[in-house]
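So the sequences go chain by chain: C and D.
Each residue of the first sequence is one higher than the last, beginning at 1 in the working numbering.
Each residue of the second sequence is one higher than the last, beginning at 1001 in the working numbering.
Any given hint could turn out to be false.
[As the list claims (entries may be wrong)] With a cut-off of at most 20 Å between alpha-carbon atoms, the simulated EDC-like pairs for lysine to aspartate or glutamate come out as follows:
| hint | chain 1 | residue 1 | chain 2 | residue 2 |
| --- | --- | --- | --- | --- |
| 1 | C | Lys217 | C | Asp193 |
| 2 | D | Lys1375 | C | Glu187 |
| 3 | D | Lys1175 | C | Glu187 |
| 4 | C | Lys94 | C | Glu75 |
| 5 | D | Lys1375 | C | Glu300 |
Hints listed in this document are in silico derivations from the structure and should not be mistaken for laboratory results.
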Amino acid sequence: MKKVLAMVLALTMMLVMAIPAFADGGSSVQDIIAEAEGMTLEELAQKAIEESNGATFYGVGNSSRGATALPLFIEYLQSIDPDYNMEFDWQQPKNNKIFDQLTADSLKDTGTFAMTLIQDGNQIESKMVQTGVLDTFIPKDWADANGTTAADYAGYLPLQTLNKVFMYNNTGDKTYDNVWDFVAEGEHGLFMDIDSEIVGKNFLYMLTEDSNADNLKAAFDALSADEQAYFQPVVDSLVTDAEDLGLGENGAYALAWIKLWVESYNAQTDDGPICNTLVDQSATDQFGLLVYSKLRSVEESDSVSKNNITVAAYQDGYTGFGGYGYCHYLFVTDNSPLPWTACAFIAYMTCTTDGFSAWGKDIGGYSSNPTVAADNEEIFHHQTGGMAEDGETVEFAALNDAGYDWWTNEGQLVLEDPEYCASVSFTVGSWIEMLTKYSAG
Amino acid sequence: MDAVSARASASTIRLNKVKTFFSKPHNVILLLMGIVLTVSTVAPIVAIVEDTFKIHPGTIDQHLTGMASGYTFANYVDLFTSRLAKTNLWTPLLNTVLLAVGTCVVSILYGGVFAFLVTRTNMAWRKYLSSIFIFPYIMPQWTLAVVWQHLFNSNAVTGTSNGLLAATLGLAMPKWWCQGMFPSVMVLGLHYAPFAYILIGGIFRNMDANLEEAATILDTPKWRTMCKITLPMVKPAILSTILLVFGSSMGSYPVPHYLGLTTLSTKYVSMNSKYTGEASILAIIMMVFGVAIMLLNQLSLTSRKSYTTVTGKSGQISKISLGKRGRYIIALVLVFLTFFTSIFPIVSFGFETFLPNPGDYSFLYTGNTANLTTKWWLTSENVTENGMYGQKGMLYNSTIWNAFKGTMMVSVCCALLAGSIGTLIGYAVSKQRRSKWANYVNSVAFLPYLMPSIAVGVAFFILFSNQYMNLFNTYTLLIIVGTIKYIPFASRSALNSMLQLSGEIEEAAIIQDIPWIKRMTRIIIPIQKSSIISGYLLPFMTCLRELSLFMLLCTQGFILSTTLDYFDEMGLYAFSSGINLILIVTILVCNALVNKITGASLDKGIGG
């Protein structure tokens, strides 16, 4: 009897000890991710083949190119095991529905979506990561290429950084050589509405971060006295607001630029129509802030030309930031039905040139893996993409993509920081919402 | 003994009553439909109401309450009282009401005058004008908005690409003409004018002219005859048009979105990421308007005077003479107007698919054919170099053709389900016209139609996005929502036609002991097949180009309208124009086929 009692007590104690250990250990997907982070792509591919042969892989993302990358991934797995096959379904919801969709899917024990490719660090942080809907997986090969380890790396896994840059129609005489020129009196830049594409709002949040506000102040100082005289009263009127919002010493400059921008930009439904407008010769002196890659799809005609465009930051003597950058992040869902396959697919996209090829053709999109980025440049020659076949004549200057390093240094690209965005979303964010947007109508 | 037998007989009587009740098919239909429709209408409303109290992580309610889950009134307090109340609620609400009222006015004036001219005058080319007038209704509503932009936008005023007028004539229209309330009202008014034409025209066609002739004999001035006789006669049709148009225009998302007007619909979409609960309150406000319109309609029905249009005394319609020249001049004006609302969009869509870049009208002012291309149709490879944005040409584009298949499937299923359910409801209600339950079923079936589409979509999205059932991006969800939304097309159409049928016809068959199914399929449906088929045709055609209802329920390549909207937003007008052409041709072919086979056609329905 005593033995039985002792065994029962021992079992109870083990259970009591085991429960918190299990609770602290996280989900089974997190366990798999922890294991997967120590594996090479080849090892992950083997696991994926065992897990998903004959299955259907569901992915959801802000980029439709996930659907282009998946067949390449399947081909890669078939190169290891010719009998391998997997069906796939890639969805690209609109109107911010991706967050609702992932949240609804997270309520199931086993979800539908294996992974996601998602943008808008602010909402990812507050709606997806803090709530445990998505888990970050850092592939070993990616960490090696970036000189780090999964344990040391803090942050999400970016597939690529995309840039939106200031461009203007150069068929007139007007030039824009300072970032404050874009918010000068009478200017109405073409820009996707910040309520349609939230990364645009994140860009405005990021301007209030100290280093960006300092850059804005430096650009302000480079203006002529006359130009400064126009902006100075706006800056002065926002000093108190900047203090109330807890911003740094140049916060008022950031708020002034944001205020003038929100109250002047001409909202458009997408970057496509903005590009269509700017490349036409009729758009004399118009400018916009849009995805750089849109330029590649313009066809030359009697009134439309890529040479009608100047990328503002490429001009000698340009002062201030030349645009902003945001990331496409990759995550495994916390209830992923195919976690090994999701990890392998993520590793394939971030660690191989083939995996990145769905996005690699475009200018203005830079792989987060320096090795892949270099290989991609070798293949597509984006930095000389605007040169004629002789390699010396400049055919389309705007198409010569200066590359990630140039844009983040000389181009002063304003890069999205998810945590910072989430932290000011209801302070700076609410302040922005109080501003009266410009209406062309 | 007496007490026992009394109890037994009472229970027998009850049993017999129940048996008798269920022996009548219309009772069974009413009971079943009453329950099903109550659940399908109330459940989404309950879901969306709950959503307004729920705390959503990462949104304003979490920020205000400091909690990540649970329930709160914070969304209501913030929406109605915060500093953003004017921006987020009152201005969009005012714009929405103005848009809905303006749309009603434009559609009734344009459609009503057109109906009068076609039915009551000797205007020339009436048949052609009558057919062409319903084209704007066939096309997705926002395509007219896009055409408006292509026509009137200019670099000088809207800061965008030059539209056709600016590019070819150098004409820049003023801002108020290009964006905001005015173009939104005009576009929606033109889109819904065919409703007014069909409804008001129906009364004009059947109106006994004796009343007007009597007034003429009594030397009554024409304006007085119009105010005291003609207008009161068409008042029910005007009320019906308001009933149909108000809710539809209120819930329109794409038109105000493209034309830069902030309404409750556009605000819902823009607020949903950060103010999720507050956005749901906006959807409820739109629904409240739908319910209020239904109640007002009930009120007007009970207080409405009887305006009989078809009498047994005279079937004569006198046609007003517009004069030898007048009948052609007025017809020419209408040909001109309908050209811009019906023919020009189609020509414009076709032309757009041959432009080298979206909105690039170089060919028009250079005459150089090198400025035209067939790449949007014929590119068979996935390339980005020649401006295809990674898309194949339309003839090879699997996204477009898969979406087309999806649209056809959803439309056929919705039409079959909504048409059948609506016909049964119409039949059952006509059999029990005085029953309160029948009236309730009739009203609850009509309610989803009066609710703005976007609000209905939101409600169903919330209802079916949970741990037990996640139907987002499934045809099942689209078919359920489409069916519920479109039942009124068939129920109204069936009810009106069933009320015209004398009860004796079915009674004769009952006496002959002919089963109900046979009575329906051999007698009732064949007699009223034209109206009943209209009840199938309208859901089908409306579903083909529905966006507001489905846009929150599926991804962009799932059906044709969301694909079209996606390409429009992206600025790939060649693709969106091509899809528009595909839609228009499909609808016209279907309409012609059904018309040929059954004699039914679009303009015999109630509109939607």
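Here is how each hint holds up against the structure:
no.	hint	result
1	Lys217(C) to Asp193(C)	violated (25 Å)
2	Lys1375(D) to Glu187(C)	violated (36 Å)
3	Lys1175(D) to Glu187(C)	holds (16 Å)
4	Lys94(C) to Glu75(C)	violated (29 Å)
5	Lys1375(D) to Glu300(C)	holds (14 Å)
The structure does not agree with the numbered hints 1, 2, 4 stated previously, though it agrees with the rest.
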